[in-house]
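> Residue numbers (the working numbering), protein chains in the order written: chain W, 1 to 162; chain R, 1 to 162; chain S, 1 to 162; chain H, 1 to 162; chain Y, 1 to 162; chain G, 1 to 162.
Hints were generated in silico from the structure; no laboratory data involved.
Treat the hints with caution; some may be incorrect.
Note: identical chains are not told apart, hence a pair may lie in one copy or across any two.
What the hints assert, rightly or not - Think about it this way: if two alpha-carbon atoms lie no more than 25 angstroms apart in a straight line, the pair counts; the simulated BS3-like pairs of lysine-lysine are:
1. LYS120 with LYS41
2. LYS107 with LYS59
3. LYS132 with LYS41
4. LYS152 with LYS78
5. LYS129 with LYS152
6. LYS41 with LYS59
7. LYS120 with LYS156
8. LYS132 with LYS107
9. LYS41 with LYS156
10. LYS132 with LYS78
11. LYS41 with LYS129
12. LYS120 with LYS132
13. LYS129 with LYS107
There are 6 protein chains.
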Amino acid sequence: MRIGIYPGSFDPLTNGHLDIIERSRGICDRLVVAIAINREKQPLFTVDERLEIINHIYKDDSSLEVVSFSGLLVEFCKSQGIHYIIRGVRNITDFEYEMTNASVNNKLAPEIETIFLMTKGEYAFISSKMVKEIASYNGDLTSLVPQFVIQKIQNKYSSIRR
Amino acid sequence: MRIGIYPGSFDPLTNGHLDIIERSRGICDRLVVAIAINREKQPLFTVDERLEIINHIYKDDSSLEVVSFSGLLVEFCKSQGIHYIIRGVRNITDFEYEMTNASVNNKLAPEIETIFLMTKGEYAFISSKMVKEIASYNGDLTSLVPQFVIQKIQNKYSSIRR
Amino acid sequence: MRIGIYPGSFDPLTNGHLDIIERSRGICDRLVVAIAINREKQPLFTVDERLEIINHIYKDDSSLEVVSFSGLLVEFCKSQGIHYIIRGVRNITDFEYEMTNASVNNKLAPEIETIFLMTKGEYAFISSKMVKEIASYNGDLTSLVPQFVIQKIQNKYSSIRR
Amino acid sequence: MRIGIYPGSFDPLTNGHLDIIERSRGICDRLVVAIAINREKQPLFTVDERLEIINHIYKDDSSLEVVSFSGLLVEFCKSQGIHYIIRGVRNITDFEYEMTNASVNNKLAPEIETIFLMTKGEYAFISSKMVKEIASYNGDLTSLVPQFVIQKIQNKYSSIRR
Amino acid sequence: MRIGIYPGSFDPLTNGHLDIIERSRGICDRLVVAIAINREKQPLFTVDERLEIINHIYKDDSSLEVVSFSGLLVEFCKSQGIHYIIRGVRNITDFEYEMTNASVNNKLAPEIETIFLMTKGEYAFISSKMVKEIASYNGDLTSLVPQFVIQKIQNKYSSIRR
Amino acid sequence: MRIGIYPGSFDPLTNGHLDIIERSRGICDRLVVAIAINREKQPLFTVDERLEIINHIYKDDSSLEVVSFSGLLVEFCKSQGIHYIIRGVRNITDFEYEMTNASVNNKLAPEIETIFLMTKGEYAFISSKMVKEIASYNGDLTSLVPQFVIQKIQNKYSSIRR
């Protein structure tokens with residue numbers, strides 16, 4: 001059985017992430033969406049909230065699992081018997097960053113392969129960072145994130161602003 | 001009447017900015033130079049000081065207006081009846097960043113067009129960030145910023161150092 | 001009056017070209033779509049056929065003119081009193097090529113400005129070259145070129161194949 | 001069963017191609033290495049010679065098939081029930097070219113997915129074109145192509161020179 | 001006598017740095033490895049520790065000197081009679097950053113030349129930042145940094161963790 | 001003694017080439033400007049004419065030698081005891097091309113080092129190809145090539161046109 005992992009911060013999940021998740025599923029028998037716990041970044045959503053959001057969207061889907069992890073990605077892969085890392089690439093800047101990461105991971109664990117999918121043109125400009133910036137100014141998030149995420153963001157900002 | 005906006009931090013105004021302003025004016029009937037109020041960055045000059053600098057340089061020019069704004073650029077454009085955003089592009093890194101911004105702005109407000117001018121070769125290496133770094137070491141700023149800005153920077157740093 | 005020129009080979013006109021033409025018109029009072037006569041390339045359509053195609057699509061539009069030219073673009077601009085060259089940019093490869101051209105043109109004629117528009121994401125992958133390749137294999141051109149161009153291409157290839 | 005296709009000119013097969021083939025096999029249940037018949041290029045090896053070379057190297061491997069095809073890649077994929085195109089990416093230039101191709105193919109056949117693998121650093125500088133240039137000057141091809149290809153190239157050039 | 005300077009943070013020294021140092025030495029009669037004292041960054045190793053590490057590795061080598069400096073690099077070069085700045089370039093992102101720096105330095109001190117060496121493919125993915133990240137998770141640093149640096153990092157982290 | 005080689009087509013020599021030659025001389029004790037004899041390209045100037053042009057400009061300079069060569073550059077370097085290849089880099093496209101060449105040359109001859117200089121901003125848009133195109137339309141070449149080359153080009157084209 002081919003198990004693939006799609007790692008990221010997902011803070012928040014965007015339509016670009018959903019596109020990669022949908023397309024990744026055809027490549028693997030089982031897909032693990034893995035939320036990286038980052039010690040430095042100040043996130044908008046807690047790891048638990050992010051787990052809840054992705055689990056809500058894929059609640060009836062047994063071929064997909066949502067987890068969180070800390071530490072080195074390749075160590076987590078080894079511990080879980082995962083051999084395929086899947087990454088979406090939007091542009092040159094992403095590409096150079098991912099090329100560096102894939103090279104390091106290949107040094108640390110040559111048996112793990114990194115697979116790239118190109119984000120579709122209509123999603124290529126979406127980033128979690130930009131979604132948070134637009135949200136902070138109360139801008140329109142339709143077409144950038146799923147409806148369920150819009151609700152969660154509105155709740156989050158209304159509690160921040162109150 | 002065609003109104004264009006040239007948004008930026010202008011902290012401080014450089015010769016690269018001046019080049020884009022001069023060349024932008026031929027494209028519009030009226031040009032709005034708009035200082036973006038950024039909540040996160042720690043600026044060298046306050047928004048008021050930056051307004052004063054650009055107003056000083058263009059004091060006798062009725063076809064150019066200097067303003068500050070906060071919030072989303074496209075919302076500001078809508079509120080002012082502005083249909084053209086003008087951006088200077090120096091290199092690939094700028095280009096990818098601007099391409100992403102233009103795509104988001106097009107999603108949020110399809111009626112607003114983003115126009116790009118390429119910074120001339122002799123100015124393509126100038127950035128406000130680098131000007132501040134050189135200034136902090138008391139380096140030579142001639143050929144990087146207008147004379148009036150050099151004075152303001154010297155005043156600023158002499159008051160910081162005192 | 002601001003006159004802009006949008007130069008290119010247009011062999012054939014694509015939906016990407018149409019996007020740039022539409023968006024260019026807001027920037028100028030009058031737009032000249034200029035077919036560059038290239039001595040070296042072996043075109044699919046003759047210059048006259050390309051003039052006919054673009055004229056057909058914009059037949060009722062007095063603010064737009066379609067012409068052909070040979071020689072240096074800036075010399076043609078000078079002879080016609082044109083001060084704005086408009087170019088669409090799809091990606092990094094385009095960007096570097098256009099940056100070089102704009103720099104040369106600026107050396108040859110500093111009074112002529114080059115303005116860049118970014119091709120919309122959904123058209124960013126379309127090129128005339130690729131349209132011709134797909135057409136040569138009888139592939140589906142819907143969503144790549146206007147309907148009128150599809151007919152012309154089919155006529156062209158059926159006469160070639162006969 | 002997941003069938004993937006690795007298309008290319010393979011004129012000649014290089015160690016970079018071998019790296020992508022080896023790594024592609026883990027992703028698919030069956031891999032089709034497909035030699036694109038290009039009407040315009042003047043190849044070093046005929047399509048039959050290229051089929052022979054790759055077949056020789058993978059002679060005992062029933063999970064891999066070597067074929068040639070002409071026409072549009074996505075049409076060939078459809079006719080063979082193939083849903084995954086695999087491409088190696090060495091650098092930015094490759095990346096932009098592949099991004100354009102993947103976008104076109106997605107328009108022509110949305111059900112077919114393109115998967116990218118990054119060529120390992122030690123192979124990232126190898127291209128068939130450069131192998132041919134070095135070979136034409138009788139340069140050392142060890143570490144660039146498999147031993148069997150070196151023999152074939154030597155035979156080819158000694159017959160050309162004779 | 002040609003004196004070259006190889007400036008950097010070297011926090012910590014990596015195998016990529018060693019590669020550039022080795023190759024730089026052929027270009028100059030004397031090489032100055034210069035640790036830039038950065039007021040903003042929070043380093044892993046103090047400047048003294050970094051001096052010690054590089055001095056340890058090159059202890060018996062009179063043609064190489066290790067120093068630290070603060071302020072503008074070109075001012076330091078002028079004060080030391082150094083005319084060649086040597087920089088390693090790994091990828092496009094490095095290249096644009098270095099091109100900007102070289103242009104500024106050329107404005108500030110036209111008599112000082114910047115020379116670029118391309119980092120070898122096998123080291124092109126190594127950065128000090130990534131070494132620190134892997135070290136923080138106790139990952140394997142073999143093949144990324146010299147053995148002496150591994151010891152220093154282990155001492156550093158064991159004292160941090162204690 | 002350090003001998004460096006600056007290889008190229010030099011068809012014709014441009015102000016960009018002169019910039020690199022001048023700056024290369026500080027790096028080497030002796031500089032060899034080497035005209036690559038290319039079997040495929042249709043040149044404007046014969047190899048002898050190109051030798052004459054560069055020799056004319058550097059006629060009184062014993063530290064610089066102008067030669068032509070065919071075959072692999074690294075083989076020529078080995079035969080001449082040359083250890084430094086010097087290349088000018090103008091932009092990203094150049095950079096990727098040169099990075100590939102340097103990697104191949106390093107495989108073929110690890111003892112030969114490739115050194116890169118960045119073309120100054122004011123020359124970064126000049127290419128021999130573009131000079132020939134402008135010349136073919138009788139455009140102004142001042143500021144693109146040395147005066148002596150302008151004369152040679154005018155002679156060449158007047159004899160072609162006659």
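> If a hint holds in the structure, say so; if it doesn't, say that too.
Each hint, compared with the structure:
When the C-alpha separation of LYS120 and LYS41 is checked against a cutoff of 25 angstroms, the pair qualifies neither within a copy, at 27 angstroms, nor between copies, at 31 angstroms. Taking CA atoms no more than 25 angstroms apart as the test, LYS107 paired with LYS59 passes in neither setting, with 36 angstroms inside one copy and 30 angstroms between copies. In the homo-oligomer, the alpha carbons of LYS132 and LYS41 lie at most 25 angstroms apart both inside one protomer (14 angstroms) and across protomers (16 angstroms), since each shortest distance falls under that limit. Proximity of LYS152 to LYS78 under the C-alpha cut-off of 25 angstroms is found in neither arrangement, the shortest distances being 33 angstroms within a copy and 27 angstroms between copies.
For the homomeric pair LYS129 and LYS152, the shortest alpha-carbon distance inside one copy (16 angstroms) is at most 25 angstroms, but the shortest distance between copies (34 angstroms) is not. Proximity of LYS41 to LYS59 under the C-alpha cut-off of 25 angstroms is found in neither arrangement, the shortest distances being 28 angstroms within a copy and 40 angstroms between copies. Taking CA atoms no more than 25 angstroms apart as the test, LYS120 paired with LYS156 passes in neither setting, with 29 angstroms inside one copy and 33 angstroms between copies. For a Cα distance limit of 25 angstroms, the shortest separation of LYS132 from LYS107 across copies, 16 angstroms, qualifies, whereas the shortest one inside one copy, 34 angstroms, does not.
For the identical chains of this complex, LYS41 and LYS156 are neighbours both inside a copy (17 angstroms) and across copies (23 angstroms), given an alpha-carbon limit of 25 angstroms. Proximity of LYS132 to LYS78 under the C-alpha cut-off of 25 angstroms is restricted to the inter-copy arrangement: shortest distance 21 angstroms between copies versus 33 angstroms within a copy. Taking CA atoms no more than 25 angstroms apart as the test, LYS41 paired with LYS129 passes in both settings, with 12 angstroms inside one copy and 16 angstroms between copies. In this assembly of identical chains, LYS120 and LYS132 lie within 25 angstroms of each other by CA distance both inside one copy and across copies; the values are 21 angstroms within and 23 angstroms between.
For a Cα distance limit of 25 angstroms, the shortest separation of LYS129 from LYS107 across copies, 16 angstroms, qualifies, whereas the shortest one inside one copy, 30 angstroms, does not.
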